[in-house]
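Q: Following the hints, complete the assembly by docking chain L onto the known chain S.
Just so you know, the sequences run in chain order S and L. Note that UniProt numbering has the first sequence beginning at 1, numbered continuously upward. Note that UniProt numbering has the second sequence beginning at 1, numbered continuously upward.
Keep in mind the hints are simulated off the structure, nothing from the lab. One thing to keep in mind: the hints can contain errors.
[Unchecked claim] To give a feel for the contact side, a few chain S residues facing chain L, derived at Cβ under 7 Å:
(1) Ser144
(2) Val152
(3) Thr156
(4) Ile273
(5) Thr277
(6) Gly280
(7) Val289
(8) Met305
(9) Thr307
(10) Val311
Given the structure is predicted, the values throughout are model-derived calculations rather than measurements. Backbone N, C-alpha and C fix where the C-beta goes; we use that ideal spot for every residue, glycine too.
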Amino acid sequence: MIRYIIRRLLISIPILGIGSIFAFFLVAAAGNPVAELKAKPGVTAQQIHDLEVSLGLDQPIIVRYWKWLVDFVQGDWGQSIALGQAKVDIFDSIMRGLWITARLVVFAELLAIVLGVVVGVIAAVKQYSIFDYLATSSAFLMFSMPVLCVAVILKTYGIKFNNVLESLGMDRWVSTVSPTPDQVDRTFGEAIFKLTGTYVLPTLTLALISFAAYSRFQRASMLETLNSDYVRTARAKGISQRRVIFKHAFRNALIPVTTLFSINAAALFSGAIVTETVFGWKGMGNLLVQSIRTFDPYMLMGWLMVTAALVIVFNLVADIMYGILDPRIRLA
Amino acid sequence: MPSDPVLNPLQPTGLPAAGTAPVATAGEFDATKARKQSTLIVRRFFRHRLAVVALVVFLLICAFGFLGPLFWTVSVEDTSSRGYLPPSGAHPLGTIQTGKDMLAQLIRGTRLSVQIALVVAIGSTVVGVTFGALAGYLRGAVDSVISRFTDLMLIIPQVAVAAILVRALSGSWYTVAFILAAFAWMSIARITRGETLSLSQREFIEAARASGAKTHWIIFRHLVPNMIGTITVNTTLAVATAVLSEAALSFIGLGVQPPDTSLGLIINENYSQITNRPWLFWGPFVIVVLLSLAVNFIGDGLRDAFDPRQTKVRA
Chain S
1 MIRYIIRRLL ISIPILGIGS IFAFFLVAAA GNPVAELKAK PGVTAQQIHD
51 LEVSLGLDQP IIVRYWKWLV DFVQGDWGQS IALGQAKVDI FDSIMRGLWI
101 TARLVVFAEL LAIVLGVVVG VIAAVKQYSI FDYLATSSAF LMFSMPVLCV
151 AVILKTYGIK FNNVLESLGM DRWVSTVSPT PDQVDRTFGE AIFKLTGTYV
201 LPTLTLALIS FAAYSRFQRA SMLETLNSDY VRTARAKGIS QRRVIFKHAF
251 RNALIPVTTL FSINAAALFS GAIVTETVFG WKGMGNLLVQ SIRTFDPYML
301 MGWLMVTAAL VIVFNLVADI MYGILDPRIR LA
Chain L
1 MPSDPVLNPL QPTGLPAAGT APVATAGEFD ATKARKQSTL IVRRFFRHRL
51 AVVALVVFLL ICAFGFLGPL FWTVSVEDTS SRGYLPPSGA HPLGTIQTGK
101 DMLAQLIRGT RLSVQIALVV AIGSTVVGVT FGALAGYLRG AVDSVISRFT
151 DLMLIIPQVA VAAILVRALS GSWYTVAFIL AAFAWMSIAR ITRGETLSLS
201 QREFIEAARA SGAKTHWIIF RHLVPNMIGT ITVNTTLAVA TAVLSEAALS
251 FIGLGVQPPD TSLGLIINEN YSQITNRPWL FWGPFVIVVL LSLAVNFIGD
301 GLRDAFDPRQ TKVRA
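Chain S extracted, bound-state conformation (with noise of 0.2 Å):
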């Protein structure tokens, strides 16, 4: 197993390495940091390309390449050139950016895949049943919406809400904008109420569009088992319902969801984008909005390699799932 790791790992070093190659092209080609300055009146083309020179820009694409490859693999990720924001760390927003975005898809993701397992599970079994119709509907609704109107939506009910909670005397509890600093809170119970605040909407938004894909998934992959040849034979054994289901049919039902998972845990790191513009969070979405803007080609490709290892990292996990699932699928 952890062979099988070390060499997966490795192999998606090559991977990395190419897509580098192309991410670094794209983002090279997508413009020029220092294009908003020319059009600057009053800056001669001297400055322009003294600034080009310190920034290394008059080099050429090549040369750029492999300077920032080997300063990358070194860990020194460089620093942003955008103007306004310029000398960050790139290495340190990137990481800000990603503990922000990881708190809140990491528990929106977990609510999603146990309420989307248990009633696509639920929906399965008891096939035609009112809730299978519910649970369907309302699924095939969240699969169709856009992440942006839930998200607007909750935070104008959030507003709604908090006028209620106000009016009868007491805090705004549902936080609508960005997460203020932590304050020293005086009770564990206040700290908690608190933080629930803060996460209820965004981490809903999020575990509400997952869950709709999640529960599709697992009734269908369920409907598909429980009508195999193997679970009849598990019956016709004279195996309790109870034991069928979970025992026989759940495991390998799993794993479509595991590659749903797969698909969605890294996408959702890139794809929280809207989430967190609504919100106000400044995630990794947010870093990602500001730098395209600012044509900000270090910090895009920082971004765009964290996230690109993210997806290996999760189709690695993936892979391992589906091993510890079915042992039919042996880890080569």
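A: Just chain L now, kept in the frame of chain S:
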């Protein structure tokens, strides 16, 4: 990364190869007239009530976007009215901040969103099917190169790259459409590759090859028609995804840029008014949701129509 179909069971639309005999019901035994496969599929689709409703909704939305300008002649660019007027006879949905008529905006946004979705669907399907079929049919080096390329494209965060490119190129609707299409073909390619791998083991492909058919002939005359069910269903999924990704991109301001507009951009411009002028938010919202719901339902109906084994409605 699991590129092996066994390790990659993410094939929600995995259909059995066409050619499986459709289940005949008592009614069909009475009518002895031979029916073509396509007639059967169309009949099965139209028996699926929800899918038909969805198709009607989809066509209505398209009609709203494409034929709307014929009936609602207020110019999109007309800024002569005051901003944020409430709904009235002259402006059934009020005006937006700049004084432009909301209904005219919606009509144009709907049209461009539908156009983007269709370009993405067709583009990603053509590229995905071609790559997938080539990889699955030719195997060997071609397969390795295409599969690794697909893996590579999958690890690059699509939203990010699309946003970077849109910002670099331009925010017109077709740029956004082409960029979204360039990052949407991978799942179709994987599914097509898997189908092709199993189909090309079948006798009729072997027979075609033995009689000297060229690769492109085999792929487009023998393989693709047999995968048409899977392909169609995945195309509808791509349309729904494209609607949502376009909305998300435009919402964060890195998608379609003015003077072009789209449903996502309209929501972006007006969502702050959700409490004070709810019609400005709910209008585009309802269209986006209806559009993607309708397309998803059409996909569901098509899946049932193409795959008689899973069908809940009888033809």
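Q: Taking the hints in turn, state whether each one holds.
A: These are the hints, each one checked on the structure:
no., hint, verdict
1, Ser144, "holds, 4 Å"
2, Val152, "holds, 5 Å"
3, Thr156, "holds, 5 Å"
4, Ile273, "holds, 6 Å"
5, Thr277, "holds, 5 Å"
6, Gly280, "violated, 13 Å"
7, Val289, "holds, 6 Å"
8, Met305, "violated, 10 Å"
9, Thr307, "holds, 5 Å"
10, Val311, "holds, 4 Å"
The structure shown violates the earlier hints numbered 6, 8.
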